[in-house]
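Enquirer: For the record, the sequence lines run as chains A and B.
Our numbering numbers the first residue of the first sequence as 3 and each following residue consecutively.
Our numbering numbers the first residue of the second sequence as 54 and each following residue consecutively.
No wet-lab data here; the hints were simulated from the structure.
Check the hints yourself; a few may be wrong.
To be verified - No more than 30 Å apart at the CA atoms, straight line, and that leaves these computed lysine-lysine pairs for DSBU-like:
# : chain 1 : residue 1 : chain 2 : residue 2
1 : A       : K254      : A       : K341
2 : A       : K503      : B       : K83
3 : A       : K721      : B       : K83
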Amino acid sequence: MKNVRLFFTAILMLLSAAVASAQSQEVSGIVTDASTGDPVPFASVMVKGTMTGVSAGADGSYKIKVASRDEAVLVFSFVGYKTTEIPVDGEIIVDCALEVEAEYLKDVIVVAYGTMTREANTGAVTSIKNEGLAESPALTVDKMLSGKMAGVQITSGSGQPGSTSTIRIRGTSSINAGNEPLWVIDGIPVVPGDMRQLSNAGVGDGSSTTFLNPNDIESITVLKDAAAASVYGSRAANGVIIVTTKTGKQGKARFTARAKYGVQQLINDHNIRPLTGEELIDYRRMAAINAGHNPDDPNDEYYYTSALLADGTTDWYKELTRLGTVQEYEINASGGTEKSSYYSSLSYSRNKGVFYGVDYNRFTARVNADMQLTKTLKTGTRVNFSYGDSDSGQMGDLYYTNPIVAMWNILPWTPMYNEDGTYNDNIQENANTNPRAIAAYDTYNDKEYRAQGTMYLEWKPIPQLSIKTTDAVDGTFMDSRQYWAPETNDGEATLFTIRTKDLRLTTSNTITYADSYAADKHHLRVVLGQEAMTETYDYLYGYSPDVNPQIPYPTTSTAASDQVDYYIAEETLLSFFGIADYNFMNKYFIQGSVRADGSSLFGSDSKWGVFWSVGGSWNISSERWMQPANNWLSILKLRASYGVNGNNNIAAYQAYGVYATREYNGYAGMRPATPSNPNLAWEKNRTWNVGLDFGFFDYRLTGNIDVYNRLTDDMLLDKTVPYTTGFATNFMNVGSIRNRGVEIMLQGDIIRSGDWNWSAGFNIAFNRSKVLDIGDSEFLEVSDSRVSPTSNNAGTPLRIVEGKSLYTFYLRDWYGVNPSTGAGLWWTEDGKLTSDRNKARYVYAGSPEPKATGGFNTEVSWKGLSLSAYFEFITGNKTMETNAYIDDGYNMNINATTVSTANYWQKPGDTGVTPKVVAGNPGSYHVSYSTRFLKKGDYLRIKDITLSYSLPQSVLKKIRMNGIKIYVSALNPYTFHDLNLLDPEVGALGYGMGAAHTMVKSFVGGIEVSF
Amino acid sequence: MKKILYHIMLVPSIVLGLSGCGDFLEREPKLTQSNELTLSNYTGLNDATAGLYSYLQQTGWYGQSWVLDAEMSSGNGVKDNARNSNRLVTSYNWSYSPDNTSGIWSYCYVVCAAANNIIDNLDGKETDEVTTQDLNNLKAECLFMRAFSLFHCVLTYAQPYSYAPESLGVPVVLHTDPEGQPARETVAKVYEQIVTDLLEAESIIDPEYVRAGITDTKAAVNIDVIRAFLSRVYLHMENWQKAADYATLVIGSGNYQMWTAEQYPDVWGQDVAGNGGEVIFEMYGSINNYDNGSWEDISYITDYDGSGDAMVSNDLLALYDQANDIRYTAGFKTTDESNPNGRMWTAKYPGKGQRVPDANNVIILRLSEMHLNRAEAIQNGATINGVTAEDDINIIRTNRGLTAIGSATQTDLRNERRRELAWEGFHQYDLARWNEPLDRTDFTLGSTNQDIPFPNYRWALPIPQRELNVNGNLVQNEGYTNN
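With these hints in hand, go ahead and build the complete structure from the sequences.
Expert: Structural data, given as structure tokens:
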């Protein structure tokens, strides 16, 4: 906001310099803030009815020449203050106290290729300022936004430090192209994906902003509809998140230091755990007896007596998890002179994970500098470096080495340690793998180096015209290393080395002309621009079996057994665009944008796409006939927009018909690998949006309502083609999906009185998706990057079916437990009940997409003391309890129980129970997915509670500080839900794989000192 | 509207002087090669031709199930009840449906399309180094592979030529059309195309041509391979004289010798067939091949210590002179002694000793088949100077540890063929060719279709439903419901 003031001031300064003046009489004075009495630096002072104007200095003082002191009227204005007119009346000194204007309307928000007042906005845009971010214990920006913006759903399948989030703005619009929004940081679209090779979110999966220090952020704007986003053309379909980082303010250097420390543990608000030794013995004896065995017979394969517990038991849940810690330290400095300003920061954060072997360290450094070179020329840079060092353990893999898998496998009477204190690896039920030994000896490490540098040069030959070039480089380098030590790997040492590189160059060039005419009645802004982007991603992978454990590097492996793999992809994008805004009397606004994007990703016949939008708004409350309502109605504005944008988020080279080498008979022959598709083009989104912004009672209650319809056409699908074409499928633009919904945001200042303030906010978004067309297929299987194509997993339980909402569970239909026999019952195709699972019918059983998402927040403050809380909720979604580990006694080799398992059928008449436990149960009611495990996935999460205290100005002045704040905060302290899961947040597809690092809760305390 | 907008957007591009945007937006894949480049010169065309053979090791074809399905559904194989892997159950029970049928269709047409690409681009690619004969050799290989693929396809999805030549065969695709929805030709038309391709291949290939740069030269086409395959095709067409003539050409080439009983046990796990043995054409199996089947490789599936899904039936074993016939003593292996039911497994795919799971070559054409083809042709009226059916049968018998026989009935000949070519993927198609029913005594699962009469709709497998879904011109075989 402040930098925007500077910007406007700069315009005014230039304006004053540009207009030659012939006046002779001088007036001077000081411009102050009416409420604080502090000077308002750089306020604008104009002589009414002329083009003459000056800008006040940093101390608020000004001097201006007028034609006649007797007649002149001065107009004082500044962003955020009410414009004030004062007649000079012959005085030599005219001071002006400006009154603060209600922030709402004149609030400047960052939008595509510029800024805009909230008043002028025509699209669906949500913006938040940094103020609320800094105290949050989350390390990454994406996690902080969760629940704070209507229609912006942020979920994560993993609570691992530094992991990615899935961000869906107004639902999911694509099946095969990406669904992540475009991230634009300081004007440059960045590479958002996670490139860590060994983390549990795959390459490019989800939005990762781990390289950004949240405290460096000034504001975040989310562009949701076509009018707002379409100027980003082929990348705008999933919405755009615009991040603006901080800049310095004029004045001497101001330092802020922050320190934060806290603890972390796995979320487990239902106290889910495997059965204890005693409980498991009872369970197993019952299962053995039910299977016709004798648990007291030492020769029986199911011989279970309490003698097993004689040597003590181990609580594997407890032994495999630990109390994590979070630490964060940061110092930043900002300041500036009349011609330059700077902001720089350095931060270090360290997260010791809640699982052994999981750690995350991050350094970030930023320098933002701006310099006025000449009166018309300005330049600046935004540079960010980050280094992330992440030990990810084996989280994410559905494998014995992963503690969250192992804790449900290992039997309580299996000890953690051998008698000599070494880790026990005689654990048959877990493939003789002890995750603690894995954590101690093996390495799963990613080191990520990221550098982003942007520079701009802006030339304003006349105040109305700005010609600007912004050029950026964004580079990520990654060293990944996976090492299996001899201690855990049957005496062998195996090494995997992966080097990954992603380089992106962007140039963005704009010409902006903004002017007003006829005494400010007409305002016009036109932007013409051009952009080009080139990106190269590659990796080199090496597998080195049998390295020397003393020298665990590829050099000590025998060359014959080494394997190397390589991948490279390039992408280019060239764009031309234009934006035009016009408003009349600040009452009627129209805006249009058009963009042509050419992309290397698409077919030779369809490289170029044109995207456009139109929007308009009407400030009803400014109409003369609404004057009577002005005492209670502060603002009422109607907005409407329509536009077309695209989704080019697909892998490179899919349009090319290519041959690939295929070794056979000692020769690298060539085979057709993909069919050529010269018509391959973008998915198109057509969106309309109607919105209403309102404010009542001097803006004490504000809010907006948006209704939208978003139609995805030309959706990219793998269309089945006859094999007589030489291929099984061809990637084509066929399908269609619709998302429509309503979003409501409300914010109220309930108490606004001196020492006491109480505010509350609420947002909710309803979204419905519907599949309109998926080509010739009856249904599509949802692809899930977590399901390895080589695994035996039959696929996902989700289908995409025409006429239904995008993701629909397709499952065997469970009825319940037969109270007289304890057997599980299923519905058959003809509506009868059967205990044979294989005869059970399949049904469409609901969607993991929530019907509504949202959040609410409230903050109470008294003087320097403030208590705030954020809540987040989703409702109307279905979630699969795949982590429930219920197998009704089927597998007696592993533990496979939870506390909920203990409630099994025991005698005729038992109801509300799980089926009768039978060792080696042939009924296998648990097997795979079914409606038995599909539950309502609603949850309400207390996202964040923070209590903070800021020292009063009187104390600060004595100790010569600008500010001291201390706070304590809890992240995710409690979640209300009905699932037999550690945590209900299992990712956008509504089911976990039983392998992901589930979410964590944190309790932190911190201090912030500025001087 | 679009067009107008597009023109508007062109203005700034001119203003900014960025005219080279065409090249900027061309980013070709680096790790693969474009169709245009591959098919533009001899090197690419030669590599693409070499690539045609690589499909043979796919699990659904000679990598495993082409051979084993034919054995399981012909009474040579039985399922081991103790192994519930679900492999080979469909072919064993003849429980095919449009959604669960042979995958040969896909391999056949992918190879046809790949071969068509090359054939259509060979013209005029001569250079100073590349002669017309070089290009003709490639063309001969492509024509052979196209004919070879079509033959497998028509055997699978159509009634035998010897029974219903005018019934529906399979589509013939000579030029690949990405939008094409070709209809099925008659069986006779398909065979006509197969013969046309093979005869052209025979006429243009350099008789001395051997593909260069490959490990196993017996896994590529030469003139003997084309002729040996023509013998087989003519046998299916009951063109007895041509079948005998082409067999005679191969036998008389002097390039192949019968394996003796002493050699017989060691010929099956070789890495390379080498010269002087029986192998005319084979699939080269290796764990290094792109399409190696790993745990699905034929060597693993036929190994008792592997997945061991396919056991040898007692019906087959009963046909051998178990004391003297080397094909019994070395062609089958008993399992370890702990195996209670004394079952046997084929020994023809022992693996190359590369690792577990291993890989194995699969012989497709060999000399003894030529003798058997000729014997059958002569018995049906073909004449070859100085050769009788018994001569051919006895060449095989004496090399397998058996005594010569004086006169051979049709049954003698058919049993000899079954014994000799057992577990090489022949018997199901021989039964169909002979219009003989399937009659199984040793049938372990005992569920469905123990015996299949002839004629019966089941001898032609259903066309894959996914093809019917996307090609409106296809018609399903009788007996199978169209979904």
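Enquirer: Quick check: which numbered hints come out false for this structure?
Expert: none
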